[in-house]
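Chemist: Chains E and D, in that order, are what the protein sequence lines are.
Numbered as in my numbering, the first sequence ends at 359 without a single skipped number.
Numbered as in my numbering, the second sequence ends at 146 without a single skipped number.
The reader is advised that the hints may include incorrect statements.
Said to hold, decoys possible - Simulated coverage check for chain D against chain E, where a stretch passes if three residues somewhere in it have a Cβ under 8 Å from a Cβ of chain E: (1) 44-51; (2) 74-85.
As the list claims (entries may be wrong) - Ranges of calculated distance between the beta carbons of each label pair, as one might list FRET restraints: (3) E:Lys131 to D:Gln122: 44 to 52 Å; (4) E:Glu30 to D:Val101: 55 to 63 Å; (5) E:Phe204 to D:Gln43: 43 to 51 Å.
Derived from the structure by calculation, the hints contain no laboratory data.
Being a predicted model, the structure only gives us computed values, none of them experimental.
All C-beta atoms in this analysis are idealised placements derived from N, C-alpha and C, irrespective of residue type, glycine included.
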Amino acid sequence: MADTRKSPKVREFRLFELERIAAGALAKGPQCVRGRRVNIERLVQETFDLKIIAFHELSRRWKTYAFIDTTGKVVFVDADLIDNVQLEKKYRFTLGEELAHLLIHTSLFANCKTIEQRLAIEAELNDVRRDRLENNARALASAILMPETTVRAFVESQIQKFTDEHGHVLVDELASAISHEYDVNFKPARRRLKLLGYHRSHGWELDCRTPFTASQAVQVSSSDAEMESFALFVLQYVGVLAGREDFGARAVPARSTLARSATPGFPHDLLTSNPLRPGTGGAPFWLRVRRAVLFRGKRIHVHRCSSMVDSFFQACVAEYRLATACGSHYQTASRRQRFSQ
Amino acid sequence: MPTTFGQFLKEKRLALDLSLREFARQVGVQPSNYCNVEADVLPPPPAETLEKLARALGLKKGTSDYETFHDLAGGGRDEIPADVERIVKENELIPAMLRTLEYEQVSKEQLRGIIEDLRSGRYKKKPKG
Numbered sequence: 019m020a021d022t023r024k025s026p027k028v029r030e031f032r033l034f035e036l037e038r039i040a041a042g043a044l045a046k047g048p049q050c051v052r053g054r055r056v057n058i059e060r061l062v063q064e065t066f067d068l069k070i071i072a073f074h075e076l077s078r079r080w081k082t083y084a085f086i087d088t089t090g091k092v093v094f095v096d097a098d099l100i101d102n103v104q105l106e107k108k109y110r111f112t113l114g115e116e117l118a119h120l121l122i123h124t125s126l127f128a129n130c131k132t133i134e135q136r137l138a139i140e141a142e143l144n145d146v147r148r149d150r151l152e153n154n155a156r157a158l159a160s161a162i163l164m165p166e167t168t169v170r171a172f173v174e175s176q177i178q179k180f181t182d183e184h185g186h187v188l189v190d191e192l193a194s195a196i197s198h199e200y201d202v203n204f205k206p207a208r209r210r211l212k213l214l215g216y217h218r219s220h221g222w223e224l225d226c227r228t229p230f231t232a233s234q235a236v237q238v239s240s241s242d243a244e245m246e247s248f249a250l251f252v253l254q255y256v257g258v259l260a261g262r263e264d265f266g267a268r269a270v271p272a273r274s275t276l277a278r279s280a281t282p283g284f285p286h287d288l289l290t291s292n293p294l295r296p297g298t299g300g301a302p303f304w305l306r307v308r309r310a311v312l313f314r315g316k317r318i319h320v321h322r323c324s325s326m327v328d329s330f331f332q333a334c335v336a337e338y339r340l341a342t343a344c345g346s347h348y349q350t351a352s353r354r355q356r357f358s359q
Numbered sequence: 018m019p020t021t022f023g024q025f026l027k028e029k030r031l032a033l034d035l036s037l038r039e040f041a042r043q044v045g046v047q048p049s050n051y052c053n054v055e056a057d058v059l060p061p062p063p064a065e066t067l068e069k070l071a072r073a074l075g076l077k078k079g080t081s082d083y084e085t086f087h088d089l090a091g092g093g094r095d096e097i098p099a100d101v102e103r104i105v106k107e108n109e110l111i112p113a114m115l116r117t118l119e120y121e122q123v124s125k126e127q128l129r130g131i132i133e134d135l136r137s138g139r140y141k142k143k144p145k146g
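Chain E on its own, in the form it takes in the complex (with noise of 0.2 Å):
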């Protein structure tokens, strides 16, 4: 007989989201973060008081480093990461993640009390919903790990000392130092500067020191006004960029109108396609960011990240911001001018 049982479902969590999980997981245990540094075990045996076992051979047999017990609260971790001091930094990542697990994926590993139970769980997912379940908890962990709040502020007060003469920020040596600080491996600390936005964008020239992902646009502010103004101005913003400075509040100009009037340089897929879901025809992107603004007045919802909508974010904000501070002065010539070049 076919198996009938239905793949578990998996979330895929919002970067902010985590991002605030991770904040209230560290407000519980203050005590577990010195300078930079989060302490990690402590955090887990403390806070969460969460038992560590250690598991002789676990990796070699199981071909994973640790599995979590979320109903009897034990974290079962390979012998070889606590014992190795040359792991350190995956241990603590590993203990991340498990922890990560028990936050935001608790539902799926009830009454999971084995190592073959959890496995047989993960079995059952598809490749989607897998990668899925471990891109959350890694990213959690990154959170957790490299609070994002510590991770900006470092980024900042180090940016001049990480930038080469062409004012191009050497994001490489700059996760090398996050991983030091935050004693994570460097892929990790890598892979959390890029989620914060801190990535050099294909083809697009951008200010490296104004990065915004598209998840967190809902952010820009926490007032409600500004947060108005800002999916305003993105809508301003676009129509500049296409050469129509009159859409956004007016009729929406037909699709060949926009492509054919389009500054040269913008990617006019933006515009006449959904980015975000490449190939399905949706509507594009700049009338999801309209209907947001119009409908749902302060929320723009955006689904996934593509590289391209961050890059148009980061833009977003960066024109945003210097908007606000210029005032009344700020022209809107300059802006297509300077993004035409």
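Position chain D against the provided structure of chain E, taking the given hints into account.
Modeler: Below, chain D alone, put in the same frame as chain E:
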């Protein structure tokens, strides 16, 4: 209040703000084994290591923490606490005293009184001169 030897160890180690590995290295035991003692998966270590653990945790003889430490360790191993075993072996009069207590059927209440009396300082050696 910790009810197991592992819980007691964990509480005291965290109070010193030491990681599992740092503490195990200080005591000279393998971190993964120490970790499993803390998790109560492995039984408390033998007397010699227990003394090293007590020293690293800063537990002083005669304090209630020191006694709890040994009591929990003894309970965990289902043995007489290591410090009591040492005292009995070192002083040949202690077995005689324990037997006397048994023969004379001293009640718990009376025993408490005797302990308090001993702790009052009356029997402390006075410095000579």
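Chemist: Are the hints correct? Go through all of them and say.
Modeler: We went through each hint and held it up to the structure:
With a threshold of 8 Å between beta carbons, the proposed coverage of the region 44-51 of chain D by chain E holds, since 4 of its residues qualify and at least three are required. Taking a C-beta to C-beta cut-off of 8 Å, the region 74-85 of chain D contributes 0 residues in contact with chain E, too few for the three needed, and the coverage statement is violated. Our hint of 44 to 52 Å for Lys131 (chain E) and Gln122 (chain D) holds, since their Cβ atoms are close to 50 Å apart. Taken as a hint, the range 55 to 63 Å holds for the pair Glu30 (chain E) and Val101 (chain D), whose Cβ atoms sit roughly 59 Å apart.
Distance hint check for Phe204 (chain E) and Gln43 (chain D): the Cβ-Cβ separation is about 30 Å, which falls outside the suggested range of 43 to 51 Å.
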